[in-house]
Structure formats: structure tokens, C-alpha cells
Amino acid sequence: MIGKVREHLSQNESLLFERSSPGKRAYQLPELDVPAVDAGEALGAENVRDGIEGFPEVSEVETIRHFTRLSTWNYAIDHGMYPLGSCTMKYNPRINELVARIEGLAWAHPYQPEALSQGCMQIMDRLESILAEITGMDAVTLQPAAGAHGELTGILLIRALLEKRGNARKKILIPDSAHGTNPATAAIAGYAVENIKSNSSGVLDVGALEQLVTEDVAALMVTNPNTLGVFEENIIHVAELLHQKGAMLYMDGANMNALVGMARPGDFGVDVLHLNLHKTFSTPHGGGGPGAGPVCVKKVLEPFLPTPRLKRSGKKLTFDYKRKHSIGRVKAFYGNFGVLVRALAYILAHGGPGLRNATMDAVLNAVYIRKALEPYYDLPYPSANMHEVVFSDDRQAKLGVRTGELAKRLIDYGFHPYTVSFPLIVHGALMIEPTETESKIEIDQFIDAMISIAKEVEADPQLVKNAPYGTRTSKVDEVTAARKPVLRWKPA
Amino acid sequence: MLDACGAGSPEDLFAHLPGAVRLNRPLAIEPGISEYEIVEYFKQRASECAAGYSSFLGAGVYNHYRPVLVDTVVSRGEFLTSYTPYQAEISQGTLTAIFEFQTMICQLTGMDVANASMYDGSTAVPEAAMMAVRATGKGRVLVAKTVHPEYREVLRTYARNQGMPVEEFGYAEEAGTIDLEDLERKMDDLTGAVIVQSPNFFGIVDQVKAAAEIAHKRGALLVLIFTEAVSMGILEPAADADIVAGELQSFAISPSYGGPYAGIIATKEKLVRQMPGRLVGQTTDSRGNRAFCLTLSTREQHIRREKATSNICTNQALIALMATVFMSVYGKLGLRELAEQNLAKSHYLAGKMTPRFSGKFFNEFVAKVGSPEAVNKALLKRRIVGGLPLGRFYPVLADCMLLCATEMSRKADMDAIGEVLKVPTAATEQAEVLA
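One line per chain: the protein sequences are A and B, in this order.
Note that the first sequence covers residues 1 to 492 in the numbering used here.
Note that the second sequence covers residues 1 to 435 in the numbering used here.
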């Protein structure tokens with residue numbers, strides 16, 4: 001056995017609503033130091049509500065126990081390796097949480113005078129220039145709230161530039177290995193989507209691309225390295241093909257953890273890219289957000305960036321709202337500032353050399369896993385991989401066990417599953433991204449677990465198919481959840 | 001490890017990158033610094049901001065007390081450092097909390113279903129508009145001028161390329177509520193969504209019911225926006241709205257210079273399949289125990305790709321958890337008392353000046369002050385950040401400011417504002433110059 005986990009007690013806990021009893025409270029408010037106001041008079045009796053039906057009534061101790069018990073039902077990076085491919089689940093340094101809570105930053109109101117916001121603006125300015133240096137781009141907006149939001153911003157920028165040139169064009173080309181957000185974004189930006197097949201080495205088929213790039217094409221959205229973890233080796237040629245036809249090259253920066261300090265999108269022909277600060281720059285995923293999705297562009301797209309833009313005059317920073325070519329706002333205020341603070345703290349801790357080392361470690365870890373697991377799992381694309389590696393369940397499926405089932409068995413060994421069934425171009429994909437966070441000890445345990453599961457499939461496939469066994473919640477019936485949706489609690 | 005990889009050095013693992021794409025110099029970023037130095041750097045930046053000032057700014061971002069339990073809970077690594085709960089068996093903590101969140105948002109808004117969060121209130125507006133347009137098959141959108149100006153800007157950015165024309169309708173000069181006649185005039189059969197905010201940007205409880213009647217008569221949906229969630233502790237939920245979209249920053253989410261916050265979309269049962277964003281549903285595990293999982297994901301981009309209801313993926317789970325803990329701490333009694341305190345404070349402050357509008361307001365209001373800039377300058381000297389000058393968003397209100405008072409507003413500071421306003425503006429400036 002691998003030895004990472006064994007059983008322990010797990011507290012049961014009902015929902016807050018079921019724990020409530022009338023009159024219980026967990027709050028204290030100060031005595032009101034001004035005269036009370038009659039709500040009916042101030043707001044109009046017809047506008048005043050009765051008590052909120054069903055709303056919780058619990059004590060302070062019950063509140064903390066409730067959420068603490070719930071928390072113990074989660075797996076987290078703090079428990080161990082979280083090898084979700086394309087998600088870059090790296091350690092979240094706690095210093096980042098501390099600095100984001102410093103009073104002058106955490107309590108800064110977005111409309112407080114600029115003269116009293118210089119510290120916040122300096123942080124944003126510094127992060128903008130560092131991200132420009134890392135990506136090799138000319139200008140950065142920090143406004144988008146997440147990766148998909150950054151994608152939308154980027155495609156709107158391209159659209160604005162093409163419109164100014166006289167023709168917004170009709171299509172966005174997207175490789176079949178792309179994240180689902182790419183086509184969804186193109187649609188929201190008013191473009192039709194055309195898929196491009198990958199070739200047998202798992203990269204863009206340049207021949208096919210040549211056929212598809214016409215005057216109708218606004219841009220190609222490419223992830224590099226792509227979702228197989230393979231670097232698009234023809235990227236410079238691809239950029240030239242697009243540029244010759246007046247189209248732009250958009251890069252999804254989800255996989256920047258493979259490149260920081262080693263190669264820069266701006267140097268290989270990319271016109272616009274978004275970063276996911278919650279991936280590459282370690283801001284916590286928090287169970288699904290918040291993130292931040294800064295967009296980095298070449299000079300030609302700078303006039304179109306969202307308003308407002310930071311502007312420096314001497315030592316002072318101001319916001320520039322008067323930008324006639326701007327696509328407008330994509331979000332109120334200036335971006336997810338608290339996330340930006342955390343990302344800058346991560347960058348300051350690493351520095352230039354440290355960021356480059358992190359990239360090398362991330363790639364080394366992924367290549368090491370690939371070499372160790374290649375004898376046991378089918379590797380459909382043998383090209384050199386970078387920060388992640390994608391196997392298929394081909395061998396195990398012949399014995400009736402699919403990637404989703406292998407993943408559930410991995411839970412019993414004390415690990416979070418890899419990304420299941422993505423990218424779509426690999427049938428039954430197992431997408432593994434260790435990140436630089438993991439030590440050799442943790443990775444070796446993971447490898448041993450994967451090998452052990454491969455052997456279990458051969459000896460007793462049903463054992464694997466019925467997993468997980470060790471979790472407090474056994475296999476969850478997702479089909480019934482979707483067929484008969486129960487989306488809120490109601491009193492019995 | 002290098003041996004196992006057949007590499008002599010880590011750099012060898014990058015040998016397959018074409019030479020022309022390689023960065024052949026170190027990044028121009030200084031070497032790493034220690035934890036202590038990082039704290040010093042950010043403390044320094046914080047000292048260049050407004051720490052120690054009292055603030056009467058609202059306008060979509062409110063100063064409410066953050067109960068200690070909130071950060072205690074969200075600092076737990078199990079919540080902080082987990083991913084989106086796709087693997088239900090080992091994510092029941094996050095899933096259960098989101099299910100409770102969805103339930104509480106329904107209880108507050110009076111809607112049937114609520115999603116697991118949006119980026120923020122501003123981006124929830126175009127998502128709600130697109131949802132209404134899909135549901136009605138009508139592309140035109142009418143939005144009130146009393147909706148937060150930056151939210152309207154975001155709506156325009158999204159709408160531009162979707163064949164979704166957006167038009168604005170005005171507000172009543174005296175009351176500060178929506179101009180129903182203007183809405184009626186601009187309403188037509190091609191309109192899919194009418195968007196109003198309550199309390200509106202001026203802090204006034206708006207005429208949602210009347211707007212809904214006008215919208216429904218012509219087959220459009222009524223989208224209700226809110227920016228001040230604490231108001232829901234006291235205001236009757238709008239049963240006539242079809243979609244409620246708003247911002248939860250008031251629920252223990254620090255202002256943090258504009259984000260991260262958490263938006264929501266809630267709606268009626270029949271519109272659930274048009275909803276953007278993640279949803280958590282209740283089900284059972286193979287042993288028959290209650291369990292939760294992400295559900296109805298065929299609406300979403302990772303399944304539906306270009307036909308998805310939205311491109312949203314990452315949302316604001318941890319921030320929504322802050323709001324969930326806040327709602328649990330305050331609960332049924334506390335949210336009401338909190339709202340009553342806000343109401344009392346804002347009416348005390350308003351008593352010291354002339355509100356510009358006659359409409360009923362919750363915790364912020366527009367005051368006519370002559371020169372908002374001069375008043376604010378005088379207040380800053382007393383370490384008070386005053387109201388938001390409205391000229392930037394409403395040129396006709398250039399002599400007005402939007403002021404907000406919450407449970408955190410001190411009587412002494414409100415009295416000080418009253419004193420500053422008593423002195424004619426020119427004299428104030430004179431006095432300050434002399435001082």
C-alpha cells in the first residue's frame with residue numbers, strides 16, 4: 001500500500017437551516033448612537049418585509065463548528081498533490097493572504113480620492129510592468145476578473161482593431177484541443193467558431209491552417225503549450241500565416257507555468273494573451289474562484305484596452321478615462337485588486353531567477369511522471385511534454401475501466417484525481433499536472449499509486465470500478481441530480 | 001530525477017523549443033525578497049492610501065463590519081486551497097456551503113433558484129440581460145439611468161457585438177425614481193429585458209412593481225439589480241422580478257479597491273436552464289446518504305462550448321463563502337437589526353442637509369451641496385472621506401454628492417459633516433486656507 005492515507009473519524013453535520021432554532025444569534029451590534037427610525041415611515045410600509053423565512057438562526061459556536069466540519073470534507077492542496085491538468089494547482093503562500101488584508105489595502109474604497117489611493121495604484125502599475133516583461137508584451141490591463149473574462153476582453157480588443165481597419169471579419173479559428181471557454185468566448189464576442197484538427201504529433205496542423213486562414217478570419221485562439229502539454233513548435237510560422245492575412249494570434253495563457261522565464265509569447269508572434277493569476281501566479285483557487293485574468297497586448301492593440309488606464313505623470317499615478325478607441329469597461333472599478341496583491345507578493349518572493357526555477361521544476365516534475373507511468377498507461381502523443389502530460393485509458397478500457405473510474409480510485413490512495421476526459425482529442429484522457437510545488441517524495445507516492453491502480457485493473461477491474469471506498473461520501477449520483485434538480489433547501 | 005528523465009540539466013527539458021522562441025537572457029525582474037521585506041513593501045504602499053480615514057462613500061461598495069468568523073472560516077486551507085468541486089466525493093465541504101448559499105440567496109430575494117456566484121454585480125448585469133434575451137427571443141434591452149453607471153458601461157461593452165441594442169430611460173426629476181412614462185414610451189415588442197435597480201444608484205427604493213407591469217405587458221422580463229445587499233434585510237423582495245442580479249460585497253467582503261467581490265443571479269424555476277454559471281444540486285451517494293454535486297452543467301462552456309449560456313468558468317466561490325458565513329453569523333435577527341441601524345444612521349446624516357430627491361432611501365442618498373469638491377476637501381482635513389461627487393456620472397447633478405452611512409459610521413463624524421456643510425462653501429475654503 002502507498003501509505004499516504006488511513007481512516008479517521010469524520011463528523012456528521014446537518015444544514016444550517018436544520019440546526020436553526022428561533023432566537024439564536026451569533027452577532028453583536030453596538031448600541032445605536034443615533035435615534036432609531038421607524039422602517040415603515042422611512043421606507044413605506046408596503047416596502048418593509050416580514051422576517052426572512054427559513055434564514056439561519058444559530059449561535060457563534062454552532063457557526064464555527066458547522067463550517068469547520070464542512071471544511072474537513074474537502075480535499076485541498078494543503079492536504080497533498082492536486083494534479084489537475086490545466087489548472088496549475090500550486091501551493092498558495094500564506095504571506096499573500098496576510099498582505100492582502102493590510103488595512104490600507106483591504107479597506108481601500110474604489111472611489112476614494114486618487115491622492116489617497118497612490119499605494120494601490122503603485123501596486124497595479126508595478127504588476128502591469130512585471131507581467132509585460134514576463135510575457136514580452138507592450139501593455140497590460142488588470143481589469144478582467146478571470147481567465148474566460150480575459151478571453152472575452154482580448155477578443156473584443158481584436159474586434160475593435162479590425163473594425164477600425166474597416167472589417168471586423170466573421171470567424172475565430174480554434175484548435176480541437178482548446179478549453180471550452182475559447183469557443184464560448186468567441187460566440188459572445190459575435191464570432192462564428194471554426195475548429196482546426198490537431199496533427200498526429202498533437203500540435204496545430206499548419207497545412208490545414210493555411211487552407212483555413214482567409215480574409216474572413218479575425219483570429220486564431222491557441223493555447224501554448226497546448227492542452228496536451230506540447231509546445232506548438234510552429235508557432236512563429238503560424239503567427240506569420242495569420243498576420244499575412246491580416247488576422248491576429250490570441251494566446252490562452254492557462255499554461256504559462258511552462259514558459260515563465262524560458263520563453264515569451266510576445267517574442268513568438270502572439271498579439272494578445274490573457275494570464276490566469278490563480279494558476280501561474282499562485283493566488284488561491286478557493287473552491288472555484290476568485291481569479292484574475294489580466295490581458296497583455298502588443299502596441300497596436302493598446303488604444304482599445306478597457307477604461308480606465310493607469311497613467312503616470314512623474315511620481316503620481318492617475319486613471320485615464322478619456323480614451324476614445326477603448327472597448328469600454330468589462331467590469332466595475334479596476335479589477336480584482338485583492339488577487340493582484342497576492343500575485344505581486346508571489347512574484348516579489350520569487351524574483352526573476354526564482355520564477356524561472358519554478359518553471360524548470362514544474363516541467364521536470366511532469367516529465368518525470370511521464371517517464372515513470374509510460375510503461376503502464378497509453379501515451380497517445382509521444383511528443384516531448386512540458387508542464388503536464390496526457391495519457392489515455394486505452395489499455396484499462398479494454399478491461400472495462402475508464403478514466404473517470406481510475407480517477408475515483410486515486411482518491412483512495414490519498415490524492416486528488418487528475419483532470420478527467422480532457423482534452424477532448426484524447427479518448428479517455430488522464431491529464432496530469434504536478435506543478436513545481438511537489439517534492440520527489442510526494443510525486444513518487446503518486447506514481448506508486450498510479451502503478452498500483454494499473455495493476456489492480458488487471459487483477460480485479462471491479463475493485464477499481466466501485467471506488468472510492470475510503471471517502472465519507474461514496475460515489476455520488478450525478479445523474480439523478482441533473483434529472484430531478486433540487487437546487488435549494490426547503491423545510492420538510 | 002534528471003537521470004530518470006534522460007536529461008543532464010533542467011534546461012535540457014526545454015531543448016525541443018525552437019531557438020527563436022527561447023528567451024536568451026534573464027527576466028528583468030529583481031531577485032526574490034524575504035517574507036519580512038514583502039510585508040514591509042505592502043505596508044508602505046498601504047500607508048500611501050486612506051487608512052485611518054472615516055468614509056461616507058457608498059455607490060456600490062459599502063463599509064460594513066466584517067465578523068471575525070468570516071476570515072477564520074475562509075482561511076482554512078480546505079476551503080482556500082481547493083479547486084472547483086468537480087470531484088464530488090472529496091468536495092462535499094465546498095458543495096454543501098454553496099448549496100446553503102444558493103438557498104439563502106433564494107430566501108433573501110424571493111426567487112426560486114440562485115447560482116453559485118458571478119464575478120461581481122457589474123458583470124452579472126449583461127449575463128442577466130443575455131439570459132432574458134435568450135428566454136424571450138427578443139434582443140432589445142432597456143436599462144434605467146438609475147442603475148449603477150459602471151454597471152451600465154459593462155452592459156454596453158458586452159451588448160455591442162451581440163445584436164443586443166441597449167437603450168436607457170430616465171428618472172423622475174423630483175423623486176429620483178425611474179420615470180415610468182419614459183419607460184412606457186420607449187417600451188416596444190422587440191424588448192426582451194427591462195433593467196432597474198433598487199435601492200437605485202441614488203439610494204432610493206425604486207418602483208420595481210410598476211416597471212415589471214410595463215415590461216410584462218409587452219412580453220419582456222424584468223431584471224432587478226441590487227448593489228447594497230444589506231437592504232434585503234428590511235426591504236420586501238420583489239416578487240414581480242423575473243431575474244434578480246446583484247452584488248454581495250456588503251456581506252463581509254472587504255472593499256479591497258474594487259474587488260474581488262461576488263455577484264449572483266437568481267430567477268424563477270422556469271428560467272433555470274437559461275442561467276449562466278455553476279449550480280449545486282442535492283442528490284445521494286451510493287450508500288443513500290445526502291450528497292451534493294455540480295449539476296445542470298449542459299448549460300456550461302466545458303460541455304456546450306460555443307452554444308453555452310455563458311463563457312464563465314472560474315467564479316467567486318471563496319468570496320461567496322464569505323457571504324455565506326456572514327449570513328449565518330447575522331442570521332434572521334441580525335440582518336434585520338443591521339439594516340435598521342443603517343437606516344437610522346443614514347437618516348440621521350440626511351437630517352443635516354438637504355436631500356436632492358424626495359424618494360424613500362435606505363442607507364445612501366443624494367445631497368445638494370453646492371461644490372462637492374470643496375466640501376470633500378474640507379472634510380479630508382478632518383480625516384473624513386466625504387461623498388461621491390455625481391458630476392462625473394450625471395452632469396446635471398454636478399452640485400450634488402452621493403453619501404452613505406452604515407453601522408460603522410460614527411455620530412461624531414456625521415456631526416462634523418453637518419458642521420462643514422453649515423459653512424458656505426466659499427467661506428469654508430477661506431477658513432481652511434487661513435487654518
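None of these hints come from the bench; they were simulated from the model.
Incorrect hints may appear among the rest.
[To be verified] One-sided excerpt, in silico: chain A residues whose CB lies under 8 Å from chain B:
1. I2
2. G3
3. V5
4. N92
5. L116
6. I123
7. A146
8. E194
9. G352
10. S474
For each residue, glycine too, the CB sits at the ideal point set by N, CA and C.
Hints, verified against the model:
The beta carbon of A/I2 is not positioned within 8 Å of any beta carbon in chain B (closest approach about 16 Å), and the interface hint is therefore violated. Against a cut-off of 8 Å between C-beta atoms, the interface hint on A/G3 is violated, since the closest Cβ of chain B lies about 19 Å away. Taken as an interface hint, A/V5 does not check out: its beta carbon lies about 11 Å from the nearest beta carbon of chain B, beyond 8 Å. Hint status for A/N92: holds, given a least beta-carbon distance of 5 Å to chain B, under 8 Å.
Satisfaction of the interface hint for A/L116 is found here, the shortest Cβ-Cβ separation to chain B being roughly 4 Å, below the 8 Å cut-off. With a cut of 8 Å, the hint placing A/I123 at the interface with chain B holds, because the nearest CB-to-CB distance is about 5 Å. Using the Cβ-Cβ criterion of 8 Å, the hint placing A/A146 at the interface with chain B is satisfied: the shortest such distance is roughly 4 Å. Here the hint on A/E194 is broken, as its CB sits about 10 Å from the closest CB of chain B, past 8 Å.
The beta carbon of A/G352 is positioned within 8 Å of a beta carbon in chain B (closest approach about 4 Å), and the interface hint is therefore held. Against a cut-off of 8 Å between C-beta atoms, the interface hint on A/S474 holds, since the closest Cβ of chain B lies about 4 Å away.
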